[in-house]
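S.K.: Residues per chain, in single letters:
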Amino acid sequence: KQEVTQIPAALSVPEGENLVLNCSFTDSAIYNLQWFRQDPGKGLTSLLLIQSSQREQTSGRLNASLDKSSGRSTLYIAASQPGDSATYLCAGYNQGGKLIFGQGTELSVKP
Amino acid sequence: SAVISQKPSRDICQRGTSLTIQCQVDSQVTMMFWYRQQPGQSLTLIATANQGSEATYESGFVIDKFPISRPNLTFSTLTVSNMSPEDSSIYLCSVEVGDRGSYEQYFGPGTRLTVT
Chain A
1 KQEVTQIPAA LSVPEGENLV LNCSFTDSAI YNLQWFRQDP GKGLTSLLLI QSSQREQTSG
61 RLNASLDKSS GRSTLYIAAS QPGDSATYLC AGYNQGGKLI FGQGTELSVK P
Chain B
112 SAVISQKPSR DICQRGTSLT IQCQVDSQVT MMFWYRQQPG QSLTLIATAN QGSEATYESG
172 FVIDKFPISR PNLTFSTLTV SNMSPEDSSI YLCSVEVGDR GSYEQYFGPG TRLTVT
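Chains as they are written, first to last, in the working numbering: chain A, 1 to 111; chain B, 112 to 227.
For the record, the hints were derived by calculation from the structure and aren't laboratory data.
Below 30 Å or equal to it, Euclidean Cα-Cα: the simulated BS3-like pairs (lysine-lysine) are:
#1 K98(A) with K176(B)
#2 K1(A) with K42(A)
#3 K118(B) with K42(A)
#4 K68(A) with K1(A)
#5 K118(B) with K176(B)
#6 K42(A) with K176(B)
#7 K110(A) with K42(A)
#8 K176(B) with K1(A)
#9 K68(A) with K98(A)
#10 K98(A) with K118(B)
#11 K42(A) with K98(A)
#12 K1(A) with K98(A)
If the Cβ cut is set under 10 Å, some of the chain B residues that face chain A in the computed set are:
#13 R121
#14 Q148
#15 S153
#16 E169
Small disclaimer: the values here were computed from a predicted structure and weren't measured. Built from N, CA and C at the ideal position, the CB exists for glycine as well.
Input sequences plus hints: build the corresponding full structure.
M.R.: If you want it as structure tokens, here you go:
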């Protein structure tokens, strides 16, 4: 059974700092992996999709990597801004085609 | 990508009543899903809404409690029946787009339900 774990559960950093959010999954047969952002009380915004055959994806200040052999994905945020404050969720597609979500990392970027 | 809207955005309901949540997509999609996010928790898949047939429910969720309709490829409803305070959650619909190997899910803004 696929399980997704995110570390840390919460993170507070000063503005301008580079940071890394971690995601690990138990089943290396993961298909694709998505990173989402969720603002308090809101829906999810898709940030990056890493396909099974890819190792990383970049969008602006965000870079996500996927290492299926070690069961890990990371989301790198460069030059963090207060507007980046949100909960970040990673989710992996299992072989049954369903998204399995981690618990999320709550990020706070202080001005 | 896909643009998804949900109605209502939030509601406060009394115990024992039912609420129907609507989900509208701006394009035809095959796969549509309903999730629940309890306070402080991550997302849990309730069911896959199938067009033209009964929804496929995940373990722990039943049709009598969460009836789902999918009359066409752009619309679905989720009803939360006989509500109790434990049903207080954010309910989200999502759609899957893309080709084989590049499936990606997009989510609606969610419906925040409080049961008193």
